[in-house]
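A.B. asks: In order, the protein sequence lines correspond to chains X and U. Quick note, in this note's numbering, the first sequence goes up one by one and the last residue is 1038. Quick note, in this note's numbering, the second sequence goes up one by one and the last residue is 1038.
Derived by calculation from the structure, the hints in this document are not laboratory data. Please note that the accuracy of each hint is not assured.
Heads up, the list lumps identical chains together, so a pair's fine if it works in one copy or across two of them.
What the hints assert, rightly or not - PhoX-like mimics (lysine-lysine), calculated; alpha carbons at most 25 Å apart, straight line:
#1 Lys753 <-> Lys868
#2 Lys868 <-> Lys920
#3 Lys974 <-> Lys752
#4 Lys560 <-> Lys825
Number of protein chains: 2
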Amino acid sequence: MREKRTKIQEVLAREPIGEELTLMGWVRTKRASKNVAFIALNDGSTINNIQVVADVEQFGEEVLKKVTTGASIAATGKLVASQGAGQSCELIAESIEVFGEADPEKYPLQPKKHSLEFLREIAHLRLRTNTFSAIMRVRHSMAFAVHQFFNDKGFFYINTPIITSSDAEGAGEAFKVTNFELDAIPRNEEGGVDFKKDFFEKEANLTVSGQLEGELAAMALAEIYTFGPTFRAENSNTTRHLAEFWMIEPEMAFYDLKDNMDLAEEMLKYLVKYALDNCADDLAFLEKRAEEEDKNKPQTERAEMTLTERLKFVLENDFERVTYTEAIEILKRSKPNQKKKFQYLIEEWGADLQSEHERFLVEKHFKKPVILYNYPRDIKAFYMRQNDDGKTVGAMDILFPGIGEIIGGSQREERMDKLTERMKAMGIPVEEMSWYMDTRRFGSVPHSGYGLGFERMIQFVTGMGNIRDVIPFPRTPGNCEF
Amino acid sequence: MREKRTKIQEVLAREPIGEELTLMGWVRTKRASKNVAFIALNDGSTINNIQVVADVEQFGEEVLKKVTTGASIAATGKLVASQGAGQSCELIAESIEVFGEADPEKYPLQPKKHSLEFLREIAHLRLRTNTFSAIMRVRHSMAFAVHQFFNDKGFFYINTPIITSSDAEGAGEAFKVTNFELDAIPRNEEGGVDFKKDFFEKEANLTVSGQLEGELAAMALAEIYTFGPTFRAENSNTTRHLAEFWMIEPEMAFYDLKDNMDLAEEMLKYLVKYALDNCADDLAFLEKRAEEEDKNKPQTERAEMTLTERLKFVLENDFERVTYTEAIEILKRSKPNQKKKFQYLIEEWGADLQSEHERFLVEKHFKKPVILYNYPRDIKAFYMRQNDDGKTVGAMDILFPGIGEIIGGSQREERMDKLTERMKAMGIPVEEMSWYMDTRRFGSVPHSGYGLGFERMIQFVTGMGNIRDVIPFPRTPGNCEF
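All chains should be built: construct the whole structure from the sequences, respecting the hints.
C.D. replies: In structure tokens, the structure reads:
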């Protein structure tokens, strides 16, 4: 620790040829000839390794045999222009300190291709691979860009509660939180669970969305956003579902549905542009990775666009804004519907759209990202603003290539009578929600908001097919390791 | 919604005298003379209201009687220089639209002083008060500053898991997470809880700290930070404890204890400077508020420094770095110890320090923020690096005026044998933690990190005495409303 570490990212960007530097990191590979060892060193600051050149005679076998894949070292020496192909500079080592070895017989991450399934099993080590370090750097950049975007616009970040007694949206899919010993649940006189004895003195759940509390804040601060974990105890073992995932939920007073769409489109383009501007090396690596993967797939399953093309597809197109009713007409008349190629055929107005329909609209019909709006009231949530036609609500979903819905939002029903009526019709306990109703009772305003599943966005930007690979420690049925 | 809203914050900053504007917000107060009504309008973008002037004859009683405290309106008109005291400009209303009324008989936030206790009961509305909107804007700024600080330094934001099967640090204070119906817990053949039937197929908790998983990420990406919710099922009804709170936990490979202290001091100063630079109006309001509160306290309990003085105390002093051993000597010889004024007298080396001791060191002895380091091993966690003296560990706590400890951190024990030995001595199940041990088994490096309780920091910056008032929806024993 006596020497000051210089980051490899900085060295490769600045190329301070001739300078004396100390690099610290983990060995990716070592190639040794009789006289010289070439060590590819990575410190997590960039996808790119730097080559450290060590004279075999000078350092001796004793030291160099510890320098294996996964070992951590500090290398001090002079940076020189590189003679070899594939790198512009390299470090000629004058001293090497081995911090920690990595027994090649035991260390699982040897330099060969590992399956994503295998790497999920060792999620505590997979961040040391090129693929996962690239994903996590992109994830960081996207999180920062979210905060930057909203801060620049004067939105306020609000931490809505994680533990909540509100389950209006949970639909029975909320995890329960308790301080009881599960083998000694206290009972009340009627034989039910005596929640009065629990920590919160009532039933408590993990939040499924911060929206309702976000609305409370928007009725005071006008423009707010949340960015936090949300939870679903949904027994779905798919590539699109996690039990624990991060959501971004802006909520804005004085916004109608069009304002809501404008903001969502602007935000998505900002995030994509930020990735292109700030994550070029990682995206190039991930694009190449996706292309390699595609080679092992049958022709029909291969991506039609490269990663960069998909990102530019979002950035460079105006999103097509189409009502649900128009979309149903398009889908009814579409070839895959006529020829019964859709798994779910579209027969009448009111049908819920599936991913196959959303992707058809985006990829085949409009060839642009699509915003569908004014959905049938009966397939949407209670808080969405009722349109004058008596059958639709001011909902909007944004559809992307490859993944379908990426954002869902709506203008909220701000009229007390309409909201109460709808809640009663849907069996939602109005009395228990009196705190929510107070926002309509006192100083109610037209307002709107939407939700972006952060991991869906990271999947889109990284091109990763399985949502378990874009969060450090995925939680799914049967899995909460680490 | 036809008119474009201009934010009051922008109007007051820019003062576009003569422009036609539409303002939207909530009425704070209305004063009416025979001919003119003066409406103080706030839209959450700033602590400051803007005055809207409405001609009584023009708008009529019917409209103006709806314009009461808490009602929401849009007012369109021309901005003019103000004749009245206390404001530089005001809007002469040409049209007023009332979005939502707030019946003065029912709306709880009438323009008078409300106690913080009362406001906690209506946390869903308290964000509409000056005090809580100011706190939440400061909280937003501090959250953004955290991300900005670490992003600028090339740290990566990592989302460590919220639901976890790891409880090494929980000490029995972790909330349990389950998908079981609590009145029908399945039993296994031995009569215990059949966790195999639960969602995660094993016992699951809410995280008490992201540190251990943060270390995994630092062993790959070198410099990372977490910023997320953490939980304690601790039955503490104090002004310093929440069951759900947000933590910032940076973790850095290749950092020793001194590097750790340097980073923490730099971060705290950055945050304080950011608040002073970006939250001047809100801080001025909060400072005045604290002074008013102090007037009702006995002389001895009043703050010795104003809010601004406390912030500058942090910004302008080099933090004093003192070993625990030196601090004990100072405390033993101190007047309050000699005269038995401390509630807990300091008698010998090894004693745990209380808030009264920490504040004495900061406020009376050094008159600077203090970093205490090299604590007795036996009062600190298993993962802290053991010093060569055989009795202390490389821990460090940062102490602030008014609140005592604000940051706790350490260099981590990177030596496999030392760590294993310590875990065994403390009864921590090494086998269950094999994923954690892998970081020491493979490519271990010296590393350090610390934790900052975000709400403690917000308390310090806003001067609020009760931690329940610096988070939108506090969770405490018996309370998980909203």
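A.B. asks: Check each numbered hint from earlier against the structure, then list the numbers of those it violates in ascending order.
C.D. replies: Of the numbered hints given earlier, those the structure breaks are 1 and 3, listed in rising order.
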